[in-house]
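> Single-letter residue listing:
2 protein chains.
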Amino acid sequence: MYKVKVLIKRRQSILDPQGKAAEQGAKLLGYNNIKEVRIDKQVEFVIDVLDEQAAEIEAKEFCSKLLSNPIMEDFEFSLVKINGN
Amino acid sequence: MYKVKVLIKRRQSILDPQGKAAEQGAKLLGYNNIKEVRIDKQVEFVIDVLDEQAAEIEAKEFCSKLLSNPIMEDFEFSLVKINGN
Numbered sequence: 312m313y314k315v316k317v318l319i320k321r322r323q324s325i326l327d328p329q330g331k332a333a334e335q336g337a338k339l340l341g342y343n344n345i346k347e348v349r350i351d352k353q354v355e356f357v358i359d360v361l362d363e364q365a366a367e368i369e370a371k372e373f374c375s376k377l378l379s380n381p382i383m384e385d386f387e388f389s390l391v392k393i394n395g396n
Numbered sequence: 312m313y314k315v316k317v318l319i320k321r322r323q324s325i326l327d328p329q330g331k332a333a334e335q336g337a338k339l340l341g342y343n344n345i346k347e348v349r350i351d352k353q354v355e356f357v358i359d360v361l362d363e364q365a366a367e368i369e370a371k372e373f374c375s376k377l378l379s380n381p382i383m384e385d386f387e388f389s390l391v392k393i394n395g396n
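Residue numbers (this note's numbering), protein chains in the order written: chain A, 312 to 396; chain B, 312 to 396.
Treat each hint with caution, since some may be false.
Identical copies look the same in the list; a pair holds intra-copy or inter-copy alike.
[Said to hold, decoys possible] 27 Å max Cα-Cα, derived DSS-like pairs, lysine-lysine:
#1 Lys376 with Lys346
#2 Lys338 with Lys392
#3 Lys314 with Lys376
Worth flagging that the hints you see were computed from the coordinates, not collected in a lab.
Whole structure, please, built from the sequences with the hints as guidance.
Below you can see the structure in the form of structure tokens.
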């Protein structure tokens with residue numbers, strides 16, 4: 312069994328409207344020093360397989376086919392063995 | 312100037328519908344070993360102040376008033392000095 316942690320980020324060149332909205336909200340609240348806000352996704356899940364390579368392949372496919380948008384996002388992930396399996 | 316990295320997570324006891332949807336999507340694609348999917352937010356921003364304590368206070372207020380929902384989310388953040396200021 313493996314615990315997988317994925318970070319999915321929009322490419323730097325692509326506008327992040329959610330981040331922009333948060334930045335404008337900060338300005339409205341009087342926080343004028345806050346800049347360059349980017350909001351990304353962090354996904355955690357468990358893969359219930361014994362073989363590390365199989366887990367890695369499944370995690371990678373799940374990230375690229377379902378979690379991330381390959382047109383404008385990049386992802387990186389790490390696997391950690393859990394439960395002694 | 313400080314670079315701030317925030318991780319905003321729903322409390323474990325609160326259902327994460329986005330994660331559940333991704334998990335069901337995985338099953339539909341044939342990835343039956345993927346479980347306990349949780350999708351959280353990672354926010355990065357820059358605070359343009361010199362004083363570390365002031366930066367920390369501003370970051371904390373920004374997180375609690377705007378970025379996170381105090382009813383069902385927890386956040387943690389870290390500050391790193393950048394640009395030699």
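> Tell me the hint numbers this structure goes against, listed in increasing order.
none
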